[in-house]
Structure formats: C-alpha cells, structure tokens
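Participant: Each chain, written out:
Protein chains: 2
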Amino acid sequence: MTDQPFRGVLAPVLTPFAADLSPDVGRFTAFCRWLLAQGADGLAVFGTTSEANSQSADQRMTLLDSLIESGVPGDKLMPGTGACSIDEAVRLNKHAVAHGCGGVLMLPPFYYKGVSDDGLFAWFSEVVQRLGDDALKIYLYHIPPQTGTPFSLDLIGRLIKEYPNTVVGLKDSGGDWSNTKAILDAFPGFGTFAGSEVFLLDTLRGGGVGCITATGNVNPTGIRKVFENWETPEADALQAAITKTRKTIQARTLVPALKAIISHYHSDPEWGRLMPPMVPLSAEEISGLIADLDADEGFSIAPATLENAAE
Amino acid sequence: MTDQPFRGVLAPVLTPFAADLSPDVGRFTAFCRWLLAQGADGLAVFGTTSEANSQSADQRMTLLDSLIESGVPGDKLMPGTGACSIDEAVRLNKHAVAHGCGGVLMLPPFYYKGVSDDGLFAWFSEVVQRLGDDALKIYLYHIPPQTGTPFSLDLIGRLIKEYPNTVVGLKDSGGDWSNTKAILDAFPGFGTFAGSEVFLLDTLRGGGVGCITATGNVNPTGIRKVFENWETPEADALQAAITKTRKTIQARTLVPALKAIISHYHSDPEWGRLMPPMVPLSAEEISGLIADLDADEGFSIAPATLENAAE
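Line by line, the protein sequences give chains A and B.
The first sequence lines up with residues 1 to 311 when you count with the numbering used here.
The second sequence lines up with residues 1 to 311 when you count with the numbering used here.
Among the hints, a few may not be true.
For identical chains, the list gives no copy identity; a pair is met inside one copy or between any two copies.
To be verified - Taking lysine-lysine and the BS3-like style, the derived pairs with C-alpha atoms no more than 27 Å apart in a straight line are:
id, residue 1, residue 2
1, LYS113, LYS244
2, LYS247, LYS225
3, LYS247, LYS161
4, LYS247, LYS113
5, LYS244, LYS225
6, LYS181, LYS113
7, LYS181, LYS244
8, LYS161, LYS244
9, LYS161, LYS94
Read the hints as simulated data drawn from the structure, not as lab findings.
Work out the full structure, taking the sequences as your base and the hints as a guide.
Facilitator: Rendered as structure tokens:
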C-alpha cells in the first residue's frame with residue numbers, strides 16, 4: 001500500500017448554480033478557497049453533497065478545469081469520478097489525473113442493482129487498466145443508501161490485493177459504524193475515511209485517516225478540532241460538540257440545509273438554489289434551522305471575506 | 001393527449017459488445033433488423049435490458065447514428081434518453097428528436113433517493129422546456145427496482161396536464177400489476193405499456209397499448225400473438241404460453257440469460273459477452289436454460305438469416 005495522499009477533514013464541496021442551472025464558476029472557486037482557508041485538508045469536489053450526479057461529465061470537467069486555473073492545487077483535490085459506464089469513468093479519471101489530483105472518489109456503477117462482486121471487480125479492473133497510470137489513487141465510495149451497491153469486505157480486499165498502488169482508501173457513507181469498524185480491522189494501513197464526522201473520533205482511534213463529510217462545508221473548523229486533538233483528553237468533548245451540530249443539521253434534508261446555511265451566514269441568496277431533482281427548504285424550515293444553529297454554542301462559521309478566501 | 005406513436009410489442013434491444021467492450025455496431029444493426037422482421041412493433045433501444053446504463057451518452061448516440069444510417073426508420077425507435085443530469089438528458093433527447101425517433105423512454109434522475117415529486121416535476125419540466133419541441137414524445141420509465149424513484153400517480157397526472165403533447169405514455173416495470181391497473185384507470189388514453197408480457201393481456205383489457213419487454217428480444221413472435229388476438233377466445237391460452245416461457249427465462253438472471261439464448265440459437269458466441277458490472281451465466285446455467293426452452297412447446301426462435309433480417 002502506498003502513502004496516503006489525504007488525511008484529515010475533507011469537504012464534499014457544495015456546488016452553487018446560476019439562475020440557468022449552470023454551475024456558478026466564480027462562487028464555486030471562491031467557496032473552495034474559503035474552505036481551504038478554514039482548514040479543510042482537501043476538497044472532495046463532485047461528491048453526493050455537490051449535486052455532482054445532477055451534473056453531466058462535461059459540466060464537471062469544465063468546473064475542475066476552472067478550479068485548477070484559479071490556482072487551487074491539484075493535490076488538494078479528490079474529485080468524484082464515478083459513473084455508471086466504464087467509458088465515462090475512464091474519461092473522468094484521465095481528466096483528474098491529468099490535472100494532478102491527489103486522488104479520486106469513485107462510486108461503483110449505480111444503475112443496475114444486485115450485481116455481483118465479480119462484476120464490480122471486473123468493472124473497476126477495466127477502469128484501472130485503461131488508465132494504466134500509477135498516479136491514479138482511488139478512494140472507493142461506499143454509499144449504499146444512494147447506490148444500492150455496497151463494497152463488500154471481500155471485494156475491497158480483492159481490489160487492494162490486485163491494485164495496491166491504486167486502490168488506496170475508502171469513504172464509508174453507509175451510516176453503519178460496525179461496517180466502518182470491520183473495514184478498519186480488516187485493512188490496516190488502508191485510507192479509511194468516515195462519511196460523517198459523527199464517527200470521526202472512533203475512526204481515528206480505529207486507525208482511519210479522517211472524514212469526508214457533508215457538514216465539512218459549514219463547520220470545517222469545528223470538525224478539524226477533533227482531528228487535531230484526537231489523542232488529547234479533550235477529544236471526547238470536542239466530538240460531542242460536532243456530533244450535536246451535525247444532528248441539528250441532518251434533522252433537515254441535508255443538501256438543501258447546507259445551502260441554506262451558506263446562503264444565510266454568507267449573506268448570499270444565490271447560494272440557496274438547488275439543482276432539480278433537489279428542492280430548497282421552505283422559508284419556515286430555514287428559519288428554524290438558523291435559530292437552532294444560532295443557539296448552538298459549538299457552532300460558528302467564518303464570513304466569506306477576501307481574507308478568509310486567501311490561501 | 002396526442003395520438004399514440006407506438007402500440008404493440010416493443011423490445012428493449014440487447015446490445016452486443018466487441019472484445020474491447022465497445023458496442024458491436026454490425027451485430028446490433030443486424031439484430032434490430034431481425035427483431036423488426038420478427039414482428040416487433042418498435043425498438044426501445046438503450047433500455048435497462050440493453051445495458052445502456054453501462055454505456056456513456058456518447059456511445060449511445062454513436063450507436064443511434066449507425067442504426068439510422070443503416071436504414072432503420074426513426075419512427076420505429078424509442079431510445080432510452082434518461083440520465084441523472086438535466087444537461088445530459090437534454091443532449092440525448094435533442095439527438096433522438098433530430099433523428100426523427102417516434103418517442104423516447106425516460107428514466108427519472110436515478111442517483112439521489114427520496115427526492116420529492118416537486119423535484120421530479122421540476123427536473124422533467126426543465127428538460128421539456130429546453131427541448132421546446134412538440135416532436136418530443138416522452139414515455140415515462142417506471143422501474144423502481146433499479147431507480148428507487150417511482151413515478152407516483154400524482155406526478156404522472158401533473159406531467160400529463162402540463163405537457164399533454166409531450167408526456168404521452170409510460171412503461172411500468174415495477175412488477176406490481178395493481179400499480180399498472182391504477183395508472184390505466186386514472187389516465188385513459190395515456191399510452192401505458194406493461195413492462196413484462198406477463199401483464200400484456202391484462203394491460204390491453206385495461207386500455208393499455210402493449211408491452212415493452214426484455215424477452216421481446218427472444219420471443220417477439222409468441223408475444224405478438226397475444227397482441228394480435230387479445231380480443232379472441234384464444235387470448236388466455238396464448239397468454240398462458242408466453243407467461244410460461246417468460247417464467248422459464250426469468251428464473252435466471254435476465255440479461256445474461258437473454259444473451260445466452262441469442263448466442264445459442266443464432267450460433268454466435270460473440271453474443272454471449274456482457275458489459276461489467278454484469279457477468280455471463282455459467283456454462284451449467286446456460287445448458288439448463290437451453291434444455292428448458294427446448295422442452296417448451298410454446299417457444300420457438302427464428303434463425304438469424306439474411307431473409308429474417310430483411311424488412
């Protein structure tokens with residue numbers, strides 16, 4: 001297994017959309033720089049939270065081009081490059097590798113359900129072999145609530161064994177700690193990320209490398225405190241604080257709630273727009289959410305100033 | 001509501017793949033012509049059975065170009081043009097309309113789960129409005145076992161009401177007859193297709209227009225007999241025969257079984273190849289399937305001769 005290209009707290013970056021539903025390049029780039037300035041260890045652009053699966057491959061590649069052109073370093077980026085087809089996954093991965101991305105987060109093919117581990121192994125093998133490039137560092141994206149297609153322990157083990165320099169980690173967004181624990185126990189040295197900061201401290205104690213979490217878009221500083229202090233006596237109290245904030249937010253529909261938070265605290269109504277099939281929260285839901293966050297002593301969010309967006 | 005562009009038995013056409021996993025244009029085109037010669041009323045190319053969701057949008061469009069160039073008339077074609085993103089769905093639909101396709105079969109966006117009817121309505125509205133072309137005739141593709149996203153009666157009704165000249169029908173692949181019946185009862189004159197020939201006679205008696213069925217790839221003649229004779233005294237016996245054949249085939253994994261059948265009866269090993277994440281049946285499974293079909297008096301399959309492929 002190779003050295004881990006990523007450790008710490010990564011945000012699956014929210015994507016702002018213009019009125020015509022095209023990705024808003026200027027706001028996206030500024031937001032990425034703001035997240036890095038807040039201490040995010042990397043940017044998992046084009047994840048589930050990014051509404052990336054509501055964007056075409058072309059739209060995602062154009063946005064990545066713009067991000068790199070704006071000066072964000074490729075080694076901080078872990079773009080989502082999963083797709084239903086090998087053809088499209090190869091295209092997205094080649095593009096990411098050409099931009100020097102530190103890694104990629106790959107969904108399994110997610111249309112056909114009930115597919116076998118043999119079929120999934122063949123699918124990933126074909127992608128890895130067509131790339132034929134050790135610069136490709138894949139994080140497997142385990143998120144059965146959306147895909148219906150889990151990565152079994154057996155499949156993970158086969159992929160690591162066959163492609164030890166390429167299949168370097170996994171994000172577990174299944175919401176089931178016992179599964180994350182089983183992966184940590186089975187594959188020491190593998191780059192296992194929790195899919196929610198609720199499991200961050202447990203993941204670090206179990207030998208994992210951090211978390212890639214939706215709420216990293218709005219609470220990167222708080223979450224990073226746990227990563228910085230996980231071996232200190234304060235760790236459990238810090239974890240309790242970020243878990244509380246997480247639960248406040250995820251009591252609402254997650255992606256619309258996150259966009260409402262950025263829109264409110266950054267005073268930018270444009271951020272409230274969602275790409276169909278997602279829809280915004282109602283005004284009443286938003287005011288309830290903001291009231292809850294204002295009352296949460298553990299939560300603070302830095303304004304989107306030029307200084308905060310500087311690197 | 002407009003006149004129905006399609007009635008009868010449509011096959012969601014299997015896609016043959018070359019050794020490098022690219023779509024095999026020659027075999028695909030010949031097979032489409034063979035299906036039409038066997039009496040298929042239309043070709044739902046790029047459906048679930050077509051492994052279309054394991055092909056990129058570019059691959060599908062190139063294949064459609066080739067099919068049209070080969071002389072298959074556009075009005076016989078109902079390509080799958082669903083996608084997770086509005087951008088890609090618009091692109092696929094524009095391409096289909098430009099080729100004069102009689103209709104399109106549209107999946108809902110299928111990555112994000114638990115999306116609202118409002119969100120789905122907004123998604124389809126955006127696609128229809130960007131096309132802005134009455135030549136677009138959409139059949140909604142209800143297949144919750146793969147998508148996790150059903151078309152509710154309320155959503156279907158809203159789409160018909162808003163776009164009466166565009167949203168003209170639906171394929172119900174949910175496997176639940178009570179849902180098909182509810183759609184037939186709620187929307188008379190709407191082009192409702194059963195997603196399996198098991199429900200063909202019931203669908204026709206309920207006011208539906210036919211079936212779009214995976215096994216239409218191997219048993220088009222048998223299935224069409226039910227469509228031709230549904231108002232005669234023989235209808236129930238004919239239905240029983242095709243139901244029996246269907247159950248023999250779907251006792252196996254469906255798409256690999258269908259490819260094994262074509263490969264065997266057309267004496268063409270190339271047809272046995274699947275696109276990952278699907279995998280072929282084992283040799284033992286294939287011989288069991290063929291033995292069962294050989295023993296099925298109601299099943300026969302025409303050879304792939306030049307005559308049978310002539311129009």
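Participant: Hint by hint, say whether it matches the structure.
Facilitator: Outcome of the hint check:
no. : hint               : in the structure
1   : LYS113 with LYS244 : between (35 Å within a copy, 25 Å between copies)
2   : LYS247 with LYS225 : within (18 Å within a copy, 58 Å between copies)
3   : LYS247 with LYS161 : neither (37 Å within a copy, 40 Å between copies)
4   : LYS247 with LYS113 : between (30 Å within a copy, 20 Å between copies)
5   : LYS244 with LYS225 : within (14 Å within a copy, 64 Å between copies)
6   : LYS181 with LYS113 : both (25 Å within a copy, 26 Å between copies)
7   : LYS181 with LYS244 : within (22 Å within a copy, 47 Å between copies)
8   : LYS161 with LYS244 : neither (39 Å within a copy, 45 Å between copies)
9   : LYS161 with LYS94  : within (22 Å within a copy, 44 Å between copies)
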